[in-house]
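J.: Below are the chains, spelled out letter by letter.
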Amino acid sequence: MGAARRLAWVEVKLLWREPLTVVFTLLFPLITLLVLAEVFGNAREVDPVTGEVFYRGVGPVDYYVPAYVALAVAAVGLISLPVHLAAYRERGVLRRLRASGVPAAMLMAAEVAVALLVALAGAVVIALAGAVVYGTGAPARPLAALAGFLLVTLTFAAVGLLLGAVLPTARAAQAAGLPLFLVMMMVCGAGPPPEALTGPLAALARGLPLTYAVRVVQDPWLGLPTGWGALAASAAFLVGCAALGLRLFRWE
Amino acid sequence: MGTATRPDAPSAPAATAPRAVEVRGLRKAYGERVALAGVSLDVLPGEIVGIIGRNGSGKTTLVECILGLRRADDGRVRVLGLDPQADRGRLRALVGCQLQESALPDRLRAGEALELFASLAAEPADPRALLAEWGLTGHRRTPFAALSGGQRQRLLVALALVTRPRVVFLDEMTTGLDPSARRTAWGLIDDIRRRGTTVVLVTHFMDEAERLCDRLVVLREGRVVGRGSPGELIARHAGQTRVTFTAAADVGFLRAVPGVRAVERTGGRVIVRGEGPLCALVGAALVARGLAPTDLRPVLPGLEDVFLALTGEEGA
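Line by line, the protein sequences give chains A and B. Every position in the first sequence, counted from 1, becomes a number in my numbering once 34 is added. Every position in the second sequence, counted from 1, becomes a number in my numbering once 26 is added.
Isolated chain B, as found in the complex:
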């Protein structure tokens, strides 16, 4: 694995590295509505980069412009050094994608679909192996219309991979999958990356972004409002750590503990907010006063908090 795949990967790729995807100053408006207001983005080979943002923040438009399915009003896009508008033919075999709002003919069988899309590549993956990996072996002869939502989704992801692309775009890959299928899908994405494929993941699921992505780009109203590794974003934007426990006694003394910013109480429940190794210090202070609550635990800020902080609360 390259350096970019470590958890402590740099928030921005080195200026000299060759890029799998390079986007500069991308703008796109649909009439009056601005979908992209100058987006720049770099993806290094072998990285998994996540694009997150609320509905309508421009994620899908961005991916469609990168794929050459939409023409941007302004800006520059390069995928593996090629212009997706001018070099569509050459990019065909190098790029795979799974898009929202796309479907297959009702009567097309899963196996036929994979074989059809495999025929577009010079050295495709083995359709049967892909069916097995994505848990569709028993559905090789099942028509698309008869597949469940999750099975369709897995088939569409498998179609994105059947040409052995060097860069693959997955838009809401795990929507419609049950929890166990999502875990399986995550494992398969890990495998793909291990083989050197670059992945651009559009997702709504923060656990998925945290689990899979080396770096994240947060979009809001067509602009990038945050970028970095999940850890960096959490450290930068998620705010304070919290520690909670239950205690009847007055715990005002905790305000003197280093790093503590606030102590709140709702009924028997105490919430301590602050920074640093809060849980250990609060625990030590409690024990020193003879208090040992059994439910003392830290509530670590997560990507969810970053998402809310950067993209605005609902209705904001």
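The shape of chain A in the complex, shown without the other chains:
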């Protein structure tokens, strides 16, 4: 086995042995989904006075399932990945790896592989929960949904690498990642429906990657027209964060 693959494999095994962060990452979106679905049901909502359509014209449960797939991806990128990398830096694991000449790119690739795996697990859990508990359907365009999922996972892996690159300790990573995650969850379409946001909140949402990630997963999942703007924004976050993360990455 080559060094890059062995490193990725070791990281996967370590994750398996210390599943607490993964459980949190997967459980939190799942519980929230189940609560919201229970509260809002799956009837389409149209404002009787203004005729305004909520939840992008689909039922709340249908809306939230793909949104929470994106949210699980965001949890990986905003919390588990940066905390993991920062803890490695804090404890001198990065120092050890670097001293043996492990290139930064090899480490990053291993972390991205692990992030993909966890995000995939999260997506499956959310999709299954929706299908089993509320009978939500499979994605309307499965291949496009998968491609969208991969794109947003890479995007949030890049966000996570950037956070993990600059935050010195696990505590710092937690202190930064958790609020970011909660804010994004509330304003980016995984909390109140986007139509309900006030002007300033909507403006804030436009600057956050989860807004686009939710769209990128929802569009093919719900059979809505492809949102090229959201795809482009996601790709831009991916490239920007990856470039900045590799540039700012510190081993110690």
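Everything labelled a hint here was simulated from the structure, so no lab data went into it. Computed from a prediction, not measured in an experiment: that's the story for all the values here. All C-beta atoms in this analysis are idealised placements derived from N, C-alpha and C, irrespective of residue type, glycine included. Just so you know, not all the hints are guaranteed correct.
Stated by the list, open to error - Derived coverage of chain B by chain A (criterion: at least 3 residues anywhere in the stretch with Cβ under 8 Å from a Cβ of chain A; other residues may be distant): (1) 122 to 136; (2) 199 to 209.
Said to hold, decoys possible - Partial selection, computed: residues in chain A whose CB lies under 7 Å from chain B: (3) L48; (4) E52; (5) V127; (6) R129; (7) G135; (8) R175.
What the hints assert, rightly or not - Anything over 12 Å on all C-beta distances counts as not near chain B; from chain A, calculated: (9) E45; (10) A121; (11) A277.
Knowing the structure of chain A, use the given hints to seat chain B on it.
T.: Chain B in isolation, oriented as in the chain A frame:
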């Protein structure tokens, strides 16, 4: 073994010999604090060179600059003829190191760690053989967090060797090891050298430096204040030999013995200071006067004395 490994190895390598490590005029400051103030150093292939000095004397910074982990402010470093900053990729397989303040993930098992680091080399050592050599065979499946301090240390040294490096840097290799594990580690370092590996050893332990190193470099406040073989350094810097014994009688006559510089008495204990074959001459003089103390013995100056003389007493 090459000439450089003999006890009487020259204090400086021949000017023409190819060097495993070459350092010239290395300077490094962290803000106002100067860590290295122009350090030069040569290590020949197959040598074991020790870097000694008090805490904060710049030892670790020096090693980190040589490894390319830190960028020096000024000066030149070559490892096997390569620039550690520019040729990191090529040096990866040629250089091994065990550093302070480095660790492995808690749940990573000893065997997995060795296999992971072995995969970085084209022709690695056998991880199982290394585990056996370093006394970790029974801990192949033990997670790093569950290893004792000494076991962790041995694993980190084994990791430094698993790529079969041509030059290996060991920073405080035996810290945390019990006396028997230290002896074992010394034997293993001898083995490594016998296979032709060059070793740079940073150490606090003078017995270790004396036992293992062909040459030593003594650092104080970022400068080299002494260099040479342990024997040379002792001869040059450790000062006078002492002879001690117990005697009630007046032994002032010893001042006339050739080489004696001083005779001191504390209670029944006599300390004679001087140079040359002091013990034999003092013994002969005592016997000639009918005195034959049973506890007559020389106190030979050691590397410890060199260390104290060159790096300053505590608080100096």
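J.: Now tell me, hint by hint, if it's right for this structure.
T.: So, going through the hints one by one against the coordinates:
1. 122 to 136: Satisfied; 11 residues make the cut.
2. 199 to 209: violated (count 0)
3. L48: 5 Å, holds
4. E52: 6 Å, holds
5. V127: 6 Å, holds
6. R129: 4 Å, holds
7. G135: 3 Å, holds
8. R175: 40 Å, violated
9. E45: 9 Å, violated
10. A121: Incorrect as stated: the minimum Cβ-Cβ distance to chain B is 9 Å, not above 12 Å.
11. A277: 21 Å, holds
Consistency with the previously given hints fails for numbers 2, 8, 9 and 10, ordered from lowest to highest.
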